[in-house]
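Start from the sequences, fold in the hints, and give me the full structure.
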Amino acid sequence: MLAYDYPVMGVFWSMLYFFIFFIWIMLLFRIFVDIFRSHDLGGVAKTLWFIFVIVLPFLGVFIYVIVRGKSMGERDMAQAQAQNEAFKTYVQQTASTGGTADELAKLAELLNSGALSQAEFDAAKAKVLS
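Sequence positions in the sequence shown follow our numbering and run 10 to 139.
Hints are supplied without guarantee of correctness; some may be wrong.
Stated by the list, open to error - As a list, the in silico BS3-like pairs of lysine-lysine whose alpha-carbon atoms are at most 30 angstroms apart:
| id | residue 1 | residue 2 |
| --- | --- | --- |
| 1 | K97 | K79 |
| 2 | K97 | K115 |
| 3 | K115 | K134 |
| 4 | K97 | K55 |
| 5 | K79 | K55 |
What the hints assert, rightly or not - FRET-style restraints, in silico, Cβ to Cβ:
| id | residue 1 | residue 2 | range |
| --- | --- | --- | --- |
| 6 | F30 | N93 | 30 to 36 angstroms |
| 7 | T103 | W33 | 51 to 57 angstroms |
| 8 | D49 | K115 | 46 to 52 angstroms |
These aren't lab readings, by the way, just hints derived from the structure by calculation.
A virtual CB, placed ideally from N, CA and C, is assigned to each residue, including glycine.
Following this line, the structure appears as structure tokens:
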């Protein structure tokens, strides 16, 4: 009975409208984030863009994407590169420190080679273990 009242093309159009609305909502939130993240806009300009997007939502979103879309992409790329560099730095710092066991092994090598005395070894070992 329901299939007769609501044909297949009706389902298709309903899904299409839903997904277009969902994409528009995602774009709206991205624009709000970009407005506040933008360093080249002053406070007044940010406020005007925000009000424009709120008062005339569809027109405001489309005009913002047309006017500031390129710089929006550039800011996204810069943020992604900064996050990538921070991740690489973190991984390099974490991987370079071998941990307590490696430091104790290095201290033992220095003790065996004669570069450290037993007292210096004990002091450094206590420092590593603390």
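Status of the hints after comparison with the structure:
1. Distance restraint check for K97 and K79: the Cα-Cα separation of roughly 27 angstroms lies within the 30 angstroms cut-off, and the hinted pair is therefore satisfied.
2. A threshold of 30 angstroms between alpha carbons decides the hint, and for K97 with K115 the separation of about 26 angstroms falls inside it, so the pair holds.
3. Straight-line distance between C-alpha atoms of K115 and K134 comes to about 10 angstroms, which keeps the hinted pair within the 30 angstroms bound.
4. Under the criterion of a C-alpha separation no larger than 30 angstroms, the hint pairing K97 with K55 is inconsistent with the structure, at around 33 angstroms.
5. For the hint pairing K79 with K55, the CA-to-CA distance comes to about 17 angstroms; that is within 30 angstroms, so the pair holds.
6. A beta carbon spacing of about 33 angstroms between F30 and N93 agrees with the range 30 to 36 angstroms that was offered as a hint.
7. Under the hint 51 to 57 angstroms, the C-beta atoms of T103 and W33, about 41 angstroms apart, miss the expected range.
8. Here the CB-CB span from D49 to K115 is close to 50 angstroms, well matched to the stated 46 to 52 angstroms.
Taken one by one, the earlier hints fail for this structure at numbers 4, 7, listed in ascending order.
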